[in-house]
Amino acid sequence: MSQSERKKAADIAVFIISNEATCSECGKELWRSSWITLTPEKEPICLACADLDHLLFLPAGDAALTRRAKKHSTLTAVVLRWSRAGKRYERQGLLVEEAALAQAEEECLADQDARERRRVREGERRAELDQAYVAQFARRVRELYPACPPGREQIIAEHACRKYSGRVGRSAAAKELETAVIRLAVIAHVRHAETKYDDLLMQGLDRSTARMMIRSDVEVVLDSWAVKRET
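Last residue of the sequence shown: number 232 in the numbering used here, and the count goes up by one each step with no gaps.
Bear in mind the hints are in silico, worked out from the structure with no lab data behind them.
Note that beta-carbon positions come from the ideal geometry of N, C-alpha and C, so glycine has one too.
Incorrect hints may have been included.
[What the hints assert, rightly or not] Below, in silico cross-link-like pairs of lysine to aspartate or glutamate (DMTMM-like), each with a Cα-Cα straight-line distance of 25 Å or less:
(1) 43 - 207
(2) 29 - 179
(3) 29 - 207
(4) 72 - 91
[Said to hold, decoys possible] Pair ranges (Cβ atoms, derived):
(5) 210 - 86: 34 to 42 Å
(6) 18 - 206: 22 to 30 Å
(7) 89 - 181: 40 to 48 Å
(8) 140 - 21: 32 to 40 Å
(9) 179 - 26: 20 to 28 Å
(10) 229 - 44: 41 to 49 Å
(11) 65 - 99: 14 to 22 Å
With the sequences and hints as input, model every part of the structure.
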């Protein structure tokens with residue numbers, strides 16, 4: 002289904018909060034300037050619990066880049082901050098998929114600013130990662146899921162292990178490379194990369210319903226990745 006053919010609900014909203022809060026799902030303390038979204042009951046949840054933590058922030062200001070990134074991204078969210086002066090929420094930018102942003106930047110490469118943004122973003126990404134730990138995590142993913150497509154173990158490990166993220170890869174259990182934690186990281190990747198989960202979210206379904214609808218698809222992928230190919 003193409004981007005234009007998908008029926009989308011209203012934009013998913015992510016808020017930069019002005020006061021401290023607590024994630025209603027995982028209990029994590031959310032300090033001022035944390036990024037959250039809201040449940041249908043208006044309870045705050047962190048981006049990890051909301052399955053939005055894999056998205057990248059594209060600040061407002063470059064209309065062409067924003068338009069192209071949004072076009073190429075299956076899942077997007079608008080970032081808002083309350084303005085006391087204006088007494089309203091003001092748009093700060095957009096959360097988009099990394100691949101979509103890269104494609105949009107490719108289309109804007111004539112713009113020197115886009116190249117500079119990519120250089121800065123890649124530098125920030127490298128700084129976020131403990132390369133030795135990511136390599137260990139990736140090897141463990143490959144051991145448990147030997148048939149996963151080439152390179153996926155690295156993508157999964159980098160996403161799970163980014164510093165200060167609160168993601169599963171930063172937990173004490175993950176640092177022991179426990180099977181259950183590795184599985185959670187792989188499941189998170191499969192939801193976004195191998196199922197229609199993001200499409201369902203953009204159609205307005207809540208996460209619980211969307212997860213239930215794609216659960217069997219996730220299990221099929223996990224089972225196929227866990228089977229060692231004969232050489």
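Hints versus structure:
Restraint check for residue 43 and residue 207: the C-alpha separation of about 13 Å stays at or below 25 Å, so the hint holds. At most 25 Å may separate the alpha-carbon atoms for a hinted pair to count; residue 29 and residue 179 meet this at roughly 22 Å. Between residue 29 and residue 207, the direct Cα distance comes to roughly 21 Å. Compliance with the 25 Å bound is thereby established for this hinted pair. About 22 Å separates the Cα atoms of residue 72 and residue 91, which keeps this hinted pair within 25 Å; it holds.
Distance hint for residue 210 and residue 86: a CB-CB separation of about 39 Å, consistent with the stated range 34 to 42 Å. Roughly 25 Å separates the CB atoms of residue 18 and residue 206, a value that falls within the hinted 22 to 30 Å. Here the CB-CB span from residue 89 to residue 181 is close to 44 Å, well matched to the stated 40 to 48 Å. Taken as a hint, the range 32 to 40 Å holds for the pair residue 140 and residue 21, whose Cβ atoms sit roughly 39 Å apart.
Evaluation of the 20 to 28 Å hint for residue 179 and residue 26 yields a pass: the beta carbon distance comes to about 21 Å. Between residue 229 and residue 44 the beta carbon distance is about 43 Å. The supplied range of 41 to 49 Å therefore holds. Between residue 65 and residue 99 the beta carbons are some 19 Å apart, a value that agrees with the proposed interval 14 to 22 Å.
Checked against the numbered hints given earlier, this structure breaks none of them.
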